[in-house]
Amino acid sequence: MGHSRLPSASARHPSTTNFKIPYSATNELRLLRLLSLASSNRTAASAASDDTQDYHDTEIVCELFHAFADDKPKYHALSYTWGSAEGTELISLDGIQVPVTENLADALKNIRDDHNNIVLWLVQHDSLPRSLRR
764 MGHSRLPSAS
774 ARHPSTTNFK
784 IPYSATNELR
794 LLRLLSLASS
804 NRTAASAASD
814 DTQDYHDTEI
824 VCELFHAFAD
834 DKPKYHALSY
844 TWGSAEGTEL
854 ISLDGIQVPV
864 TENLADALKN
874 IRDDHNNIVL
884 WLVQHDSLPR
894 SLRR
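Residue numbers (this note's numbering): 764 to 897.
Hints may contain errors.
Unchecked claim - Restraint-style ranges between C-beta atoms, simulated for each label pair:
1. Val882 - Gly858: 13 to 23 Å
2. Asn879 - Asp833: 24 to 34 Å
3. Ala848 - His878: 26 to 36 Å
4. Asp820 - Thr789: 38 to 48 Å
Just so you know, these hints were derived from the structure itself, not from any lab.
Ideal placement from N, C-alpha and C gives every residue a C-beta, glycine not left out.
Given only the sequences and the hints, what does the whole structure look like? Please build it.
Have a look at this one:
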């Protein structure tokens, strides 16, 4: 596995929207694929040639997908408190620029791996930011 930074983006012409993440079945899990540095906007070659690039300056790129609990998909759980909506950063979620709190953005940057995508389980509650409510 590549280098992963556990607890320790600049967006191109961002356009934001309210992102809806509906469930379609009761035994369905909502999962987030956090793309590796090599899989996201930077190529592996540019990442390798740019030793001075700070990992925190690279865009966070994620993909949402659903899986059934009965299929026992592999994922990591991220326990997170949304906190204040003041101070947000944009992440790319299925090609849409979505604002998230700075501490969530920092967590994703620190969890992100150099070469391997990471799957995270998302639990949606009413206390989610408006940009992520269904």
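These are the hints, each one checked on the structure:
no., hint, verdict
1, Val882 - Gly858: 13 to 23 Å, "holds (18 Å)"
2, Asn879 - Asp833: 24 to 34 Å, "holds (25 Å)"
3, Ala848 - His878: 26 to 36 Å, "holds (33 Å)"
4, Asp820 - Thr789: 38 to 48 Å, "holds (41 Å)"
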